[in-house]
Amino acid sequence: MDTKKWPVLGQILIGLGVIGGLMNITGGVWQKNILMIIAGIVGLVIYWSVYKFKKWALIGLNILLSLSIAFTLVNIGKMPTLILLVAIIYPLLLIMYFNSTKVKELFR
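Heads up: the sequence shown runs through residues 86 to 193, numbered per the numbering used here.
Hints listed in this document are in silico derivations from the structure and should not be mistaken for laboratory results.
Keep in mind that this is a model prediction, so the values were computed, not measured.
Treat the hints with care, as some may be off.
[Unchecked claim] Once the Cα atoms are required to be at most 20 Å apart in a straight line, the calculated SDA-like pairs of lysine to any residue come out as:
id, residue 1, residue 2
1, Lys-163, Gln-116
2, Lys-140, Ser-151
3, Lys-137, Gly-95
4, Lys-137, Ser-185
5, Lys-139, Gly-125
6, Lys-140, Phe-156
7, Lys-90, Glu-190
8, Lys-137, Val-127
9, Lys-139, Pro-165
10, Lys-137, Ala-172
[As the list claims (entries may be wrong)] Label pairs and their in silico Cβ distance ranges:
id, residue 1, residue 2, range
11, Lys-137, Gly-162, 36 to 42 Å
12, Ser-134, Thr-166, 29 to 35 Å
13, Val-114, Asn-184, 28 to 34 Å
14, Leu-167, Lys-89, 35 to 41 Å
15, Gly-100, Val-159, 26 to 32 Å
From the three backbone atoms N, C-alpha and C, an ideal C-beta is built for every residue, glycine too.
Let the sequences and hints guide you as you build the complete structure.
Set out below in structure tokens:
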């Protein structure tokens, strides 16, 4: 039996990722934006797969978070400075956490 278990911080971050995916889907439906809906579904699949310790999901998560940073930088003039900083720093911190030695050990 597999006894791997996420630390509390990992569970919280994965939960926030799932909430973000659901918000993208809801916002996409509300705004009739198919790209937001697709991004939300992809986010849900990736975060759920990370939670289930699928090895490919870490690569997918890194790509998803990197794209998030890139889209933020593209829209740099369209948002307030504080939101811009959070939208860049938060994904960077997630990349650092999910690529830490402790987390990578969980996927072995």
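Tested hints:
The suggested pairing of Lys-163 with Gln-116 holds, with an alpha-carbon distance near 18 Å, which does not exceed 20 Å. The straight-line distance between the Cα atoms of Lys-140 and Ser-151 is roughly 18 Å, inside the 20 Å bound, and the hint therefore holds. Restraint check for Lys-137 and Gly-95: satisfied, since their Cα atoms lie roughly 12 Å apart, inside the 20 Å limit. The suggested pairing of Lys-137 with Ser-185 holds, with an alpha-carbon distance near 17 Å, which does not exceed 20 Å.
The suggested pairing of Lys-139 with Gly-125 holds, with an alpha-carbon distance near 19 Å, which does not exceed 20 Å. A hinted pair counts as satisfied when its Cα atoms are at most 20 Å apart, and Lys-140 with Phe-156 does not qualify at roughly 25 Å. Taking the CA atoms of Lys-90 and Glu-190, the gap is about 11 Å. The hint holds against a cut of 20 Å. Taken as a hint, the Lys-137 and Val-127 pair is honoured in the structure, with Cα atoms around 15 Å apart against an allowance of 20 Å.
The suggested pairing of Lys-139 with Pro-165 is violated, with an alpha-carbon distance near 36 Å, which exceeds 20 Å. Between Lys-137 and Ala-172, the direct Cα distance comes to roughly 26 Å. Violation of the 20 Å bound is thereby established for this hinted pair. Restraint check, Lys-137 to Gly-162: a C-beta distance of roughly 39 Å satisfies the suggested window 36 to 42 Å. Taking the beta carbon of each, Ser-134 and Thr-166 are about 34 Å apart, inside 29 to 35 Å as hinted.
The supplied range of 28 to 34 Å is met by Val-114 and Asn-184, whose beta-carbon atoms lie about 33 Å from each other. Between Leu-167 and Lys-89 the beta carbon distance is about 37 Å. The supplied range of 35 to 41 Å therefore holds. A beta carbon spacing of about 28 Å between Gly-100 and Val-159 agrees with the range 26 to 32 Å that was offered as a hint.
In the structure shown, a violation is registered for the earlier hints numbered 6, 9 and 10, in ascending order.
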